[in-house]
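Once you've looked at the hints, dock chain X against the given chain A.
Those protein sequences? They're chains A and X, same order as listed.
Going by our numbering, the letters in the first sequence line up with residues 1 to 259, in that order.
Going by our numbering, the letters in the second sequence line up with residues 1 to 261, in that order.
Just so you know, the hints here were simulated from the structure itself, not pulled from any lab data.
Just so you know, not all the hints are guaranteed correct.
Said to hold, decoys possible - To be clear about the criterion: a stretch of chain A counts as covered by chain X if any three or more of its residues have a C-beta under 8 Å from a C-beta of chain X, and this derived list gives those stretches:
1. 73–82
2. 100–112
Stated by the list, open to error - Listed next, with one range per pair, are the computed distances between beta-carbon atoms:
3. X:L248 - A:R253: 53 to 59 Å
4. X:I193 - A:E139: 38 to 44 Å
5. X:P97 - A:E139: 40 to 46 Å
6. X:I186 - A:M173: 40 to 46 Å
We treat Cβ as the ideally placed atom computed from N, Cα and C, and that holds for glycine.
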Amino acid sequence: MTECAVRAEGITKVFNQGRPNEVHALSEVDLAIEPGEFVSLIGPSGCGKSTLLRVIASLTEPTEGQITVYGKPAEQARLDRDYGMAFQHSGLFDWRSVARNIELPLELMGWSRDKRQQRAREMLELVKLGQFGDHHPAELSGGMRQRVAIARALSFNPSLLLMDEPFGALDEMTREHMQTELLRIWSETGTTVVFVTHSIPESVYLSSRVVVMSPRPGRISTEIPVDLGGRDADTRESPGFFAKITEVREALRAVEGAE
Amino acid sequence: MTGLRHRLSASLPPVAFGLAGLALWESLLRITDPRGFVLPPPSEIVAALVDNWSQIWTGTRHTGYVILTGLAAGVILGVLAALLVTRFRSANETITPVATAVNAIPIIALAPVFNAWFGLISPHSNQAVVTVLVFFPVFINVTKGLTQVQPSQIELMRSYAARERQITREVRIPNAMPFFFNSLKIVSSLSVIAAIVAEYFGGRQDALGPMIIQSAGLTRYDDAWAAVFAGAMIGIVLYALAALAERLAMPWHASVREAAR
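Only chain A is shown next, with the shape it has when bound in the complex (with noise of 0.2 Å):
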């Protein structure tokens, strides 16, 4: 048996505890995600899916449960840099360029500054952004601000890539043209990916397996196998891909129904 790329057991998160403010926001999840996999997160707002990818992440403690990432603790696994992240806002550093922004981590890693440049350059080939070395973060467009942001994350060889939405802020026709890049990055990266959207054909183009989650308290509630093969233009207009749409969708109905 080959080891998890992360396994969650348990987990629990209760904010504020014991005030009246409390919130409930994960309850008792179990989440194993093999190496390589394609996982999303989708659910309604308040469903703890952010909050799980931030418990993975080691950003935020558990109240109760064990994460293990690659069989190390989630900290463990953090501080060996075993991570990278993408928000919904790119979060990209406006002082510096696009090149010194994929640079950063690398920086902060302690490469040689030939090597950061190196690899810089490879990634913003990856993300078909090789012209833009040398401009700043605001004189790009949002689509391509989150190109940096995943090269960005990348840009170091994670073993697991987490990603908050990276998608929500972009246009319909842009975000089908990013998701159709980070199939490509993820099928020649290899990487796992945990991704939260609240876009149901997102999750289905995107993934392996959709886990569906339920609000208050914060919990799984189902998880679809998503086998299309390789996606291409094609796909999102298959007979499978509606079959699949329909089969979150109805998952996501029947977690709001039992409100």
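Here is chain X on its own, set in the frame of chain A:
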């Protein structure tokens, strides 16, 4: 070339407006107030400036010295305090209330008290007034810039296992730069006011403040205005330097890129 032409044509309206204003000022006063009791016409202020040049230049140097040293001390202290309170919670709980309380005192009103502390004719009392007045806007603005950082940027840095020192250097300080330069522009003119008003109460007697008081006391309003003009020039030069430093320090910022267009 087109940039230069564009810049010239863009500066034409304000220059024309300024000249027309001066002409109106001059002609109105020649008719209504020929003896210059209320307000001397610009030509007489210029004449007074030329006549008293060596005296005004001396005063400008002395007042300028008070402003620059007081300003530098206030800015440095303000930035250091801001760095301390963002880094250490206990420092925040200690410094912030004290700074707020000190700021609530009308600091100019302390000028006579500072004179008693530092000596009536010492410039130190004037410098102290400038420093105390400059400290607070710098402290407040820089603290805001250091703390109001996008949460996702902090999370990113933590996901890279960055240390607090690295987060301060890579995220907080660059984020605070626009706030710092804004406060610098504010205090560049504030410090001129503080220095000259403080000089009314004491300090070197050949500085601009005493010169204004003495000239006004002798009803030599043109001389007083010439000294005021010199003070204004200090303020304008300081503001321009702050704006220039801003442009050099953060060419990436939207305000700078907009202005350069």
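Quick rundown of the hints versus the structure:
no.: 1; hint: 73–82; verdict: holds (count 4)
no.: 2; hint: 100–112; verdict: holds (count 4)
no.: 3; hint: X:L248 - A:R253: 53 to 59 Å; verdict: holds, 58 Å
no.: 4; hint: X:I193 - A:E139: 38 to 44 Å; verdict: holds, 39 Å
no.: 5; hint: X:P97 - A:E139: 40 to 46 Å; verdict: holds, 43 Å
no.: 6; hint: X:I186 - A:M173: 40 to 46 Å; verdict: holds, 44 Å
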